[in-house]
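Q: Two chains, two frames, a set of hints: combine them into the complex.
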Amino acid sequence: MVSASSNPSRPVAGPAIDAVAVKVLISGGFGVGKTTLVSALSEIVPLRTEELITELSDGVDDVSGIEDKSTTTVAMDFGRITINPELVLYLFGTPGQDRFWFMWDELARGALGAVVLVDTRRLDACFAAIDYFERRELPFIVGVNCFDGAQPYDVDEIRAALDVDSFIPVTLCDARERASTKELLVKLMEHVMNTARLAESVPAQQARSSAPT
Amino acid sequence: MASRDEVWFDDAAGPLVRPYALTRGRTRDNRYGLDLVTLVVSVQPEVHERVVEPEYADLLWGCEHPLSVAEVAAKTNLPLCVVKVMLADLIERNYVIYRTGWRPVRNTPDMDTMQKVLDGIRKL
Ligand SMILES: Nc1nc2c(ncn2[C@@H]2O[C@H](COP(=O)(O)OP(=O)(O)OP(=O)(O)O)[C@@H](O)[C@H]2O)c(=O)[nH]1
Ligand SMILES: [Mg+2]
Numbered sequence: 001m002v003s004a005s006s007n008p009s010r011p012v013a014g015p016a017i018d019a020v021a022v023k024v025l026i027s028g029g030f031g032v033g034k035t036t037l038v039s040a041l042s043e044i045v046p047l048r049t050e051e052l053i054t055e056l057s058d059g060v061d062d063v064s065g066i067e068d069k070s071t072t073t074v075a076m077d078f079g080r081i082t083i084n085p086e087l088v089l090y091l092f093g094t095p096g097q098d099r100f101w102f103m104w105d106e107l108a109r110g111a112l113g114a115v116v117l118v119d120t121r122r123l124d125a126c127f128a129a130i131d132y133f134e135r136r137e138l139p140f141i142v143g144v145n146c147f148d149g150a151q152p153y154d155v156d157e158i159r160a161a162l163d164v165d166s167f168i169p170v171t172l173c174d175a176r177e178r179a180s181t182k183e184l185l186v187k188l189m190e191h192v193m194n195t196a197r198l199a200e201s202v203p204a205q206q207a208r209s210s211a212p213t
Numbered sequence: 001m002a003s004r005d006e007v008w009f010d011d012a013a014g015p016l017v018r019p020y021a022l023t024r025g026r027t028r029d030n031r032y033g034l035d036l037v038t039l040v041v042s043v044q045p046e047v048h049e050r051v052v053e054p055e056y057a058d059l060l061w062g063c064e065h066p067l068s069v070a071e072v073a074a075k076t077n078l079p080l081c082v083v084k085v086m087l088a089d090l091i092e093r094n095y096v097i098y099r100t101g102w103r104p105v106r107n108t109p110d111m112d113t114m115q116k117v118l119d120g121i122r123k124l
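Heads up: the protein sequence lines correspond to chains A and B, in order. Residue numbers for the first sequence follow this note's numbering, so the first one is 1 and each next one is one higher. Residue numbers for the second sequence follow this note's numbering, so the first one is 1 and each next one is one higher.
Just so you know, these hints were derived from the structure itself, not from any lab. Note that the Cβ used here is the ideal one computed from N, Cα and C, for glycine as well. Just so you know, not all the hints are guaranteed correct.
With a cut-off of at most 27 Å between alpha-carbon atoms, the simulated BS3-like pairs for lysine-lysine come out as follows [to be verified]:
1) B/116 with A/187
2) B/75 with A/187
3) B/116 with A/182
4) A/182 with B/123
What follows is a set of in silico ranges between Cβ atoms, one per label pair, in the way DEER data are often shown [what the hints assert, rightly or not]:
5) A/186 with B/31: 20 to 28 Å
6) B/123 with A/18: 41 to 49 Å
7) B/103 with A/155: 28 to 36 Å
8) A/157 with B/61: 50 to 58 Å
9) A/165 with B/111: 18 to 26 Å
10) B/51 with A/198: 48 to 56 Å
This is chain B alone, in the form it adopts within the complex (with noise of 0.2 Å):
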């Protein structure tokens, strides 16, 4: 994470660019796979908001109970790439745990769990 006194842009360039600084323009990392729906939940927010930057704290309150990751970006009002990125560097100190959305396995689908989605379709 950039450090607090690192001053990247000035305050008109708009509202997007912190953001951006603080992640240095790392659109591509995906260290963990976070996908559109991938859960996350942060630990103890209260105590780790205070030892990281604003944008992050936001971010570990965005997911104080579990959401997917574009609830956690639609919520912060940060484009995806940013979101997953900061969601990344917080799992990698472990203030934030996430468990990755169902994946399809090429020739053994899961009819249990689509079982499971047709019947709770059909309970509502």
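Here chain A stands alone, though its shape is the one from the complex (with noise of 0.2 Å):
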């Protein structure tokens, strides 16, 4: 768990209880930066919180035997920026191996959208968030990770290797800084209003379209 306080001069007074609670998803493979990200922006130190899974099932649904080995915990981190007390939002790490498909689920329900951490020396380590995001058509970006600077390529390069569309951003930054994450997230907020606004004009569109001439 990443310590010290990040923004110790920030008040930590919560949310008030009519508060509209939002949350995104920090994702990407293991080790990506996940934590470091979260504890960047968070007003709270990161919280970590378990759920239980049983191997043999596809949830959480059994677990009357709770000696049982089949059954694990799967750990998610998370933090808090109060925007005011009527409004808060919850950043959500999500876990590290990508087979709890069970929690991604409860994670990914509601959620805003999306951030993908990616390292360039393990690409193939964020295919599983991408794929997920993409079927389940939560907005997302990518972050590409430069640990220390070191970045042997370019955003266009990267954007290739990963196959995403040209629609969705990819930003180089540093998981640890926070105006870099900060500038992460305003470009996340950026991308889910504008998906929100091109969703929101093909039915229009349609409409017309199918509209007797």
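A: Okay, structure coming up:
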């Protein structure tokens, strides 16, 4: 767990009970910097919560025999940004092991969007996350975590290697830097809104094109 | 809720077992559709702690101020599925109130909320 509160000067008073709570996901392969990114932005030291998974089933529907070896836990880290007492944003790091799809579904349900972090030394580690968000039609952007600035590829090369749509932003970042991670979240929200506007205009266009002439 | 004199497991069974006994394995129960970012807050925990099991009392104090279900789970060190069931029990008795997190509605994006989130991040 990352300690040392990143923003000691920020007030940590929580939301009001009637606040709107939204979440975004910070995803990517094992050890790519998800927890580091959450710590850089969160007003609280990232918390960890666990869910129990029974290996045999697809969910946690049967934990009656918890002494059973087939029950494992999956952990996720998360942080919080209280935008104001009426609006609170949670940042959830997805579990490093992408076989826990049950947990991904719970995380993705109601999420605004996701940042997929990639490490260019292990590009393939993020494919599962990208596939998942594409399938679920959850808007996402790609953040290329430049460990110590060592970045031999440019954005276009990375985009081509990942085979993501040209509409999806691919941005270099430093998961430890608050300014850089903030920029990433701004890009994500702009992309989320662009995607929403596009989705809104599609039914209108269809209605127009199918209107009798 | 299980009454206090029901013995389900002995002490050696580990710290997780008692919450399971309390929830009677009702891990699938989701009466109120609680999710990770549902906000919960307890009502008069100092009054209601006296009439519930200690684990439930911990939960009441865990959400003395409004917090997400995920934060309550992290604070109390209980798995999410257990916390959800226990919170639902407390909601049923009106000891806890809740507010469901934001949910997108298909084809009617909540641009207003999205804009507020964007503005909020820009101001960080
Ligand atoms: N030099 C450098 N190190 C980084 C950067 N981002 C993360 N790290 C380090 O990389 C390691 C892994 O980072 P984490 O944030 O724990 O990665 P994670 O994705 O949460 O890992 P898992 O949850 O285990 O999948 C840690 O030791 C970080 O300190 C970076 O931008 N530069
Ligand atoms: Mg992590």
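Q: The structure should be examined with respect to each hint, and the outcome stated for every one.
A: Taking the hints in turn, this is what the structure says about them:
For a cut-off of 27 Å, the pair hint linking residue 116 of chain B to residue 187 of chain A stands: about 14 Å separates their Cα positions. At roughly 32 Å between alpha-carbon atoms, residue 75 of chain B and residue 187 of chain A are farther apart than 27 Å, so this suggested pair is violated. For a cut-off of 27 Å, the pair hint linking residue 116 of chain B to residue 182 of chain A stands: about 15 Å separates their Cα positions. Straight-line distance between C-alpha atoms of residue 182 of chain A and residue 123 of chain B comes to about 10 Å, which keeps the hinted pair within the 27 Å bound.
Look at residue 186 of chain A against residue 31 of chain B: about 38 Å separates their beta carbons, and that is not inside 20 to 28 Å. The supplied range of 41 to 49 Å is broken by residue 123 of chain B and residue 18 of chain A, whose beta-carbon atoms lie about 22 Å from each other. Taking 28 to 36 Å as the suggested C-beta distance range, the pair residue 103 of chain B and residue 155 of chain A conforms, at roughly 33 Å. Roughly 53 Å separates the CB atoms of residue 157 of chain A and residue 61 of chain B, a value that falls within the hinted 50 to 58 Å.
For the pair residue 165 of chain A and residue 111 of chain B, the supplied restraint of 18 to 26 Å holds, since their beta-carbon distance comes to about 22 Å. In this structure the hint that residue 51 of chain B and residue 198 of chain A lie 48 to 56 Å apart at CB holds, the actual value being about 53 Å.
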